[in-house]
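Asks: Chain by chain, the residues run as shown.
2 protein chains.
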Amino acid sequence: MGEQSVAQTFKAEVITDYLHRLFEAAGANEKEAKQIADHLVMASLRGVDSHGISKTDIYLKRIKENMINLQPKHAINRETPVSALIEADNGMGIPSAEKAVDLAVEKAKKTGVGLVGVSNSNHCGMLANYVTKAADQDLIALAVTNAPAVVAPWGARQAFFGTNPIAYGLPSNRPHPIVFDMATSKVAKGKIVLAEQEGRDIPLGWAITPEGEQTDDPARAIEGCILPMGEAKGYGISFLVETLSSLLTGAAYGPNIGDLFSEFEQKQELGHFFMVMRADLFVGLETFKHRIDTMAEEIKQLKPMKGVKEIYLPGEIEWLNYEDRKLNGIPLSMQMLETLDAWGELYGVESIAVK
Amino acid sequence: MGEQSVAQTFKAEVITDYLHRLFEAAGANEKEAKQIADHLVMASLRGVDSHGISKTDIYLKRIKENMINLQPKHAINRETPVSALIEADNGMGIPSAEKAVDLAVEKAKKTGVGLVGVSNSNHCGMLANYVTKAADQDLIALAVTNAPAVVAPWGARQAFFGTNPIAYGLPSNRPHPIVFDMATSKVAKGKIVLAEQEGRDIPLGWAITPEGEQTDDPARAIEGCILPMGEAKGYGISFLVETLSSLLTGAAYGPNIGDLFSEFEQKQELGHFFMVMRADLFVGLETFKHRIDTMAEEIKQLKPMKGVKEIYLPGEIEWLNYEDRKLNGIPLSMQMLETLDAWGELYGVESIAVK
Chain E
1 MGEQSVAQTF KAEVITDYLH RLFEAAGANE KEAKQIADHL VMASLRGVDS
51 HGISKTDIYL KRIKENMINL QPKHAINRET PVSALIEADN GMGIPSAEKA
101 VDLAVEKAKK TGVGLVGVSN SNHCGMLANY VTKAADQDLI ALAVTNAPAV
151 VAPWGARQAF FGTNPIAYGL PSNRPHPIVF DMATSKVAKG KIVLAEQEGR
201 DIPLGWAITP EGEQTDDPAR AIEGCILPMG EAKGYGISFL VETLSSLLTG
251 AAYGPNIGDL FSEFEQKQEL GHFFMVMRAD LFVGLETFKH RIDTMAEEIK
301 QLKPMKGVKE IYLPGEIEWL NYEDRKLNGI PLSMQMLETL DAWGELYGVE
351 SIAVK
Chain B
1 MGEQSVAQTF KAEVITDYLH RLFEAAGANE KEAKQIADHL VMASLRGVDS
51 HGISKTDIYL KRIKENMINL QPKHAINRET PVSALIEADN GMGIPSAEKA
101 VDLAVEKAKK TGVGLVGVSN SNHCGMLANY VTKAADQDLI ALAVTNAPAV
151 VAPWGARQAF FGTNPIAYGL PSNRPHPIVF DMATSKVAKG KIVLAEQEGR
201 DIPLGWAITP EGEQTDDPAR AIEGCILPMG EAKGYGISFL VETLSSLLTG
251 AAYGPNIGDL FSEFEQKQEL GHFFMVMRAD LFVGLETFKH RIDTMAEEIK
301 QLKPMKGVKE IYLPGEIEWL NYEDRKLNGI PLSMQMLETL DAWGELYGVE
351 SIAVK
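Respectively, the protein sequence lines represent chains E and B. Residue 1 is where the first sequence starts when you use the numbering used here, and the numbers rise one by one after that. Residue 1 is where the second sequence starts when you use the numbering used here, and the numbers rise one by one after that.
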């Protein structure tokens, strides 16, 4: 890590506006460009830099390489009062997933539950954002997506599953809903990619080389496989995520998915799945939220392990990052700024960097 | 481990019949006694001894201590076409959960999805059995339950969550559906209890003492806390399991749950939650099953890690145990037989042990 790694800090609005203009200049329509910019900046605000502004480069590259359909039809198929399948028509993943969660929310409000799958999609950013949207409307939400094969099923030395994240959102009277988002791999691939971009080593135990040996070199890890979290347990959950995201929806699965970073011939064909349900199915809404708040407070008041200052709720650290970066700005490395500037030059969008 | 640890081996039917008669003699009705006997023997057939026949002792003890209502009303509340809450009326957990999954299956067949919660329940055995029941009817099922506080939220040194298992079942054309059932703790408490019963040490890393130190002594582990699997990730999933099982259903949560083994004043008030959905929501049923079968076969054909002979599917080892024990019988330790015999003597049910 050099002194360049954090170069300048920007207000979220400044970066959002810049990304918005970049994606519009690249050919996305006004609404989708805004959705993508908002989404990526939100991920960075939450401190999830691997799924935030850093994704701008590869998203724009895939658009430029004609890997994305910028006029997708987003057909709603197989619709019932509780379910629907969105054929994303190889559109950008973020607007496709936004549409899916909105539809699941609408169904859940009417019937109690909404199950919406998405097929033929692309990388949809950070799942936390979708479940937050539902939880902000007092609904319980679960979201899963598959991803290009980088994780070895437990016992194998070949990649098959993606990092296959699972996220949930729970309404609460706290300042933010409880929002948790985790990869079922030992680590998100984005974190390894970011480490490589920034020239950092990764911890041993995250990944193996193609020969099945542990490595701290992010480049070797990208050639090899990531390990599942909790060994057989992470493998088991990842199998479920893959099933709901793709076997159920008709999306591509496992090694059939086009890689985000290296594949510019084959489309991704990713699948996502959203389940939204009313929080007042069995007890009243205020009772539910009060129970969440009470349990949360009880957990925070437990005696900490040695060396631990504060016990955090699931996803609480991300909300603390959000408050901090919302107030103090988002740091961007010099390398990131240069990458963004190159796109700005290409598309005639003025740089935000202070020269 | 002494030579006594496996004393005699019995056909499943012999043990089932014996347990059936024991539970009936203890006051359960014919149907519930059969459900409980079938359930516990099925868990042992699958090799999950911690949740199988070994649970007979504590179940009968709780009945004898009047901790269980053997004439529960099982009222169905808050019913909609897609959801219902079963008030288990402090009945045995297994029949209460059977009723819930049956209702979720019925709703899923009609509407596409069924969400059924259970409140005021007791230990419901092994979740795998419930999701198997749904998967055998070509439905996708998820099941969660909370459990007495034995696991420290990540960062704490006090127990708050239970082992909070999550299970799923996926229909397939393989000989058995894909059925996966895992504790969100590093290990199921039943495994620690069984180790203590059989005088075995436990691996370091499973649990901490009340002072927050790792231990290999199962008795000290039972006094202390189990750790979550995958650290913050298991904590995050456990929080969701607790929420769906109890905050949503109105059941007791966290440390408010009565302990299965040591609490004979306060009822357990456990909560469970089942979600069943049609596998043909988006693609046809045969397509879905074919996709499951194909993915399963592709995973099994991957190159194994060094030292690994065969890559197993999630839950496949349990089905192999099932085939083996169905054919060759279930081994019971001398200690287990003596425990069962003591109940037989009390209730006038003839022992199955070969004297």
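No lab work stands behind these hints: they were computed from the structure. Each hint should be verified, as a subset may be incorrect.
Copies of the same chain are indistinguishable here, so a pair counts whether it falls within one copy or spans any two.
Derived DMTMM-like pairs: lysine to aspartate or glutamate, alpha-carbon spacing no greater than 25 Å straight-line [claimed, not checked]:
id : residue 1 : residue 2
1  : Lys300    : Glu213
2  : Lys11     : Asp259
3  : Lys303    : Glu263
4  : Lys61     : Glu198
Asks: Evaluate each hint against the coordinates.
Replies: Verification of the hints:
In this assembly of identical chains, the alpha carbons of Lys300 and Glu213 lie at most 25 Å apart only when taken from different copies (21 Å versus 39 Å within one copy). Taking CA atoms no more than 25 Å apart as the test, Lys11 paired with Asp259 passes in neither setting, with 32 Å inside one copy and 51 Å between copies. For the identical chains of this complex, Lys303 and Glu263 are inter-copy neighbours only, at 23 Å across copies versus 49 Å inside a copy, given an alpha-carbon limit of 25 Å. Proximity of Lys61 and Glu198 under a CA criterion of 25 Å is satisfied intra-copy only: 19 Å inside one chain copy versus 61 Å between copies.
Violation of the numbered hints given earlier is confined to hint 2; every other hint is satisfied by the structure.
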